[in-house]
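Chemist: With the hints as your guide, set chain B onto chain A.
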Amino acid sequence: MLDRVVAALPEGHTWKLIVFGSAPLQLGLDQSFVSGDVDLTMEFAADFTGDVVESHLAKAQLLKEQSKQFYVEVVPRYVFNAPHDWVTRAYREQRRHVEFTFPHPVDILVAKVCRVAEKDLNAFRLVRRLTGHPTPEELIRLLRNTVDIYRPRFDEEYGGDPIANTKLVWREIYGAEIDVRAEIIRPALEERRKYFNQGEGLRDKLRAIGGG
Amino acid sequence: MLRDLCWVKSRIGARILLRAEAGKLTARDIRLAQRFGNDRGVEDRLLDQALACIRAEKREHGLLPPLPTDYVPTH
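Chains A and B, in that order, are what the protein sequence lines are.
Its first residue numbered 1, the first sequence is counted upward by one per residue in the numbering used here.
Its first residue numbered 1001, the second sequence is counted upward by one per residue in the numbering used here.
The following block holds chain A by itself, in its conformation from the complex (with noise of 0.2 Å):
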């Protein structure tokens, strides 16, 4: 399929391309592990658009609709939720033309805690089952770099509901209760204020000096 991706965007141009959702698992780990779509989407200041993209596709018939096997799907980048820094774990690989980028298991995981439907589910099993990551600590770890998943959504926001997904994913996967806010929220919120808090205070004492 990213074969036929590759064939379908014209030469001249490199093309910088994110696959994330279910595919990157079943080219890297287990090739039964399929699904009807692949995911790809593409940095914020990449050159081209998602639109530019997605008509190139088109033409050459992959997408929804017009792929009887699989299609592949372009999505925005926001809908890629990761850790901030899963760039550093990625896999390129350059094919003529294109360059993709094969977000590492895990992070494709973590990607999964917004939606956790039974395949996402599935997701977590068989990356445990092969590489026996995420560990409870790596996936913490992760998830605190992700912490803003866990922010309340907007009125007008349809989604799901991260922390009790992700405390199904624990009672799921490692057989275990979390609590969210004590092991993950607060932990990565303590983290930031340590850097955006600097020298917090001081300008009222400066204040105080001169006599308020």
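Hints were generated in silico from the structure; no laboratory data involved.
Ideal Cβ positions, reconstructed from N, Cα and C, are used throughout, including at glycine.
Incorrect hints may have been included.
[Unchecked claim] Partner residues are not named here, just some residues of chain A that face chain B (Cβ under 10 Å, in silico):
hint: 1; residue: 63
hint: 2; residue: 199
hint: 3; residue: 201
hint: 4; residue: 205
hint: 5; residue: 207
hint: 6; residue: 209
hint: 7; residue: 212
[Stated by the list, open to error] Here are the simulated DSS-like cross-link-like pairs (lysine-lysine), alpha carbons at most 30 Å apart as the crow flies:
hint: 8; chain 1: A; residue 1: 16; chain 2: B; residue 2: 1058
hint: 9; chain 1: B; residue 1: 1058; chain 2: B; residue 2: 1024
hint: 10; chain 1: B; residue 1: 1009; chain 2: A; residue 2: 205
hint: 11; chain 1: B; residue 1: 1024; chain 2: A; residue 2: 205
hint: 12; chain 1: B; residue 1: 1009; chain 2: B; residue 2: 1058
hint: 13; chain 1: A; residue 1: 64; chain 2: A; residue 2: 119
[What the hints assert, rightly or not] Simulated DEER-style distance windows between Cβ atoms:
hint: 14; chain 1: A; residue 1: 182; chain 2: B; residue 2: 1027; range: 37 to 43 Å
hint: 15; chain 1: A; residue 1: 151; chain 2: B; residue 2: 1015; range: 19 to 25 Å
hint: 16; chain 1: A; residue 1: 155; chain 2: B; residue 2: 1045; range: 55 to 61 Å
hint: 17; chain 1: B; residue 1: 1069; chain 2: A; residue 2: 179; range: 21 to 27 Å
hint: 18; chain 1: B; residue 1: 1054; chain 2: A; residue 2: 171; range: 39 to 45 Å
Modeler: Frame of chain A; chain B shown alone:
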């Protein structure tokens, strides 16, 4: 060298904080503290950075003891 005004004010503010710690405030310090303590450009973060720079200068001139060899900055 042209220096950012917020940074210059914060450096002065930091020196005032250090003089206050040492109990050596002057009337001018108090006047400037009132002014800079209410200045939007003088932030906690810049005051913290300025204090760190001034302390490093003092260490370089032997006016403060050196940092321990296993020193790690804390935020």
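Chemist: Please go over all the hints and tell whether each is borne out by the structure.
Modeler: Against the structure, the hints come out as follows:
no., hint, result
1, 63, "violated (48 Å)"
2, 199, "holds (3 Å)"
3, 201, "holds (7 Å)"
4, 205, "holds (6 Å)"
5, 207, "holds (3 Å)"
6, 209, "holds (4 Å)"
7, 212, "holds (8 Å)"
8, A/16 with B/1058, "violated (50 Å)"
9, B/1058 with B/1024, "holds (17 Å)"
10, B/1009 with A/205, "holds (15 Å)"
11, B/1024 with A/205, "holds (15 Å)"
12, B/1009 with B/1058, "holds (19 Å)"
13, A/64 with A/119, "holds (20 Å)"
14, A/182 with B/1027: 37 to 43 Å, "violated (51 Å)"
15, A/151 with B/1015: 19 to 25 Å, "violated (40 Å)"
16, A/155 with B/1045: 55 to 61 Å, "violated (33 Å)"
17, B/1069 with A/179: 21 to 27 Å, "violated (39 Å)"
18, B/1054 with A/171: 39 to 45 Å, "violated (53 Å)"
This entry does not satisfy hints 1, 8, 14, 15, 16, 17, 18, going by the numbered hints stated previously.
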